[in-house]
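Keeping their order, the protein sequence lines are chains A and B. Numbered per UniProt numbering, the first sequence spans residues 1 to 206. Numbered per UniProt numbering, the second sequence spans residues 1 to 206.
A portion of the hints provided could be inaccurate.
Stated by the list, open to error - Derived DSSO-like pairs: lysine-lysine, alpha-carbon spacing no greater than 27 Å straight-line:
1. A:162 x B:143
2. A:23 x B:119
3. A:130 x B:119
FYI, nobody ran anything at the bench for these hints, they're computed from the structure.
Number of protein chains: 2
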Amino acid sequence: MLLCDVGNTFLHFYHKGRIWKEKPYALTKKKENLPIYYISVNERFERCLLASHPYCINVGEYIELDTPYEGLGIDRKAACKAISDGVIIDAGSAITADIMHEGIHMGGYIMPGLAAYKKMCADISPALNKELEPGVNLYELPKNTTDALSFGAIKSVILMIKNTSRTKKLYFTGGDGKFFARFFENAIYDNTLVFKGMQKALEKHI
Amino acid sequence: MLLCDVGNTFLHFYHKGRIWKEKPYALTKKKENLPIYYISVNERFERCLLASHPYCINVGEYIELDTPYEGLGIDRKAACKAISDGVIIDAGSAITADIMHEGIHMGGYIMPGLAAYKKMCADISPALNKELEPGVNLYELPKNTTDALSFGAIKSVILMIKNTSRTKKLYFTGGDGKFFARFFENAIYDNTLVFKGMQKALEKHI
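If we strip away everything but chain A, and leave its shape as in the complex, we get:
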């Protein structure tokens, strides 16, 4: 079964335990007779997928999640389906945190992803157009602009996750998921969470 998660930067694919990402305007040919089961948060990139392959099935409606949250992104829903207790942090273009408790989604929040953070600083002022330093010391006050920006971006995300996770297990996914996971003891990095949730939902329907 070939699965695809259409995001706001990349299309992520999953096939027989292997995952990879592709750029929306440089999609590779897939076997024509293999259906692509997909979810999408980006209409434009979804059209790229549909143009590249004759047999694509949007399975968004199969992914049902017990939640009071209105308008939860389908990728977040899918990742939440993969676990029943814990916090899922998807650190990609945006960083989303979703709290699951006994199979029920309790709510969540959204922060900018690290790349967006960098871009935003550059937009404010050329003086703030710096690469983030992933190794910045988070326990000492910064003493130059690069460190000051990196400290502001990375530490604010970490403090938010610490504040809202309490004793729950943390599941990191997404491009920067591995980076953030290393700051937490009770953390698991799993870049297949969305696909695990999709599979779980599909098993009931296909």
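Fit chain B to the given chain A structure using the hints.
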């Protein structure tokens, strides 16, 4: 004495205890014989000021601060000059925090301002193009996109300030300074901090 702080969005003026802001391309005429003592973090907007008034004096070099921080913005230096102990949070286009201890600047960090935060979210996805809700409940998990973005933006700034301020007094300034000040008990809002620092430095030189 007419003072001016050229920022990345507005030019802020100070004259006889009164402060006001003007847009860079809509500067009002000032009395021709009155010198404008100014600092600037934005070259383009500085040129707007110079074009609008015949007698402008950049006083950046008069503002000396004891600090290990390299490349500290001149507006941050000026605000730091205004106090000897405490944390200064300037919440404008960017949000900067600077820690002063016994007259010495210990370091500081930079986060995006609320407007930049909103823009960044809109850039990531049209689905995230929402106004922030300043009254969002920060003690309950968000249950819709507007709350999720507002919670992520506002709470991350508050947690950072709490984490780095400890027992120090907090001095808020800048466009969103009053908004953030209300989340802290030991907070003062003073939108003249930069000008107080400029005055202090100028007294020695003029």
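> Going straight from one Cα to the other, do residue 130 of chain A and residue 119 of chain B come out at no more than 27 Å?
Replying inline: At roughly 19 Å apart (the allowed maximum being 27 Å), residue 119 of chain B and residue 130 of chain A satisfy the hint.
>> Please verify whether residue 162 of chain A and residue 143 of chain B have alpha carbons no more than 27 Å apart.
In response: Since the Cα atoms of residue 162 of chain A and residue 143 of chain B sit roughly 20 Å apart, the hinted pair holds (cutoff 27 Å).
>> With the threshold set at 27 Å, check whether the alpha-carbon distance from residue 23 of chain A to residue 119 of chain B stays at or below it.
In response: 24 Å, holds
In this structure, none of the earlier numbered hints is contradicted; all agree with it.
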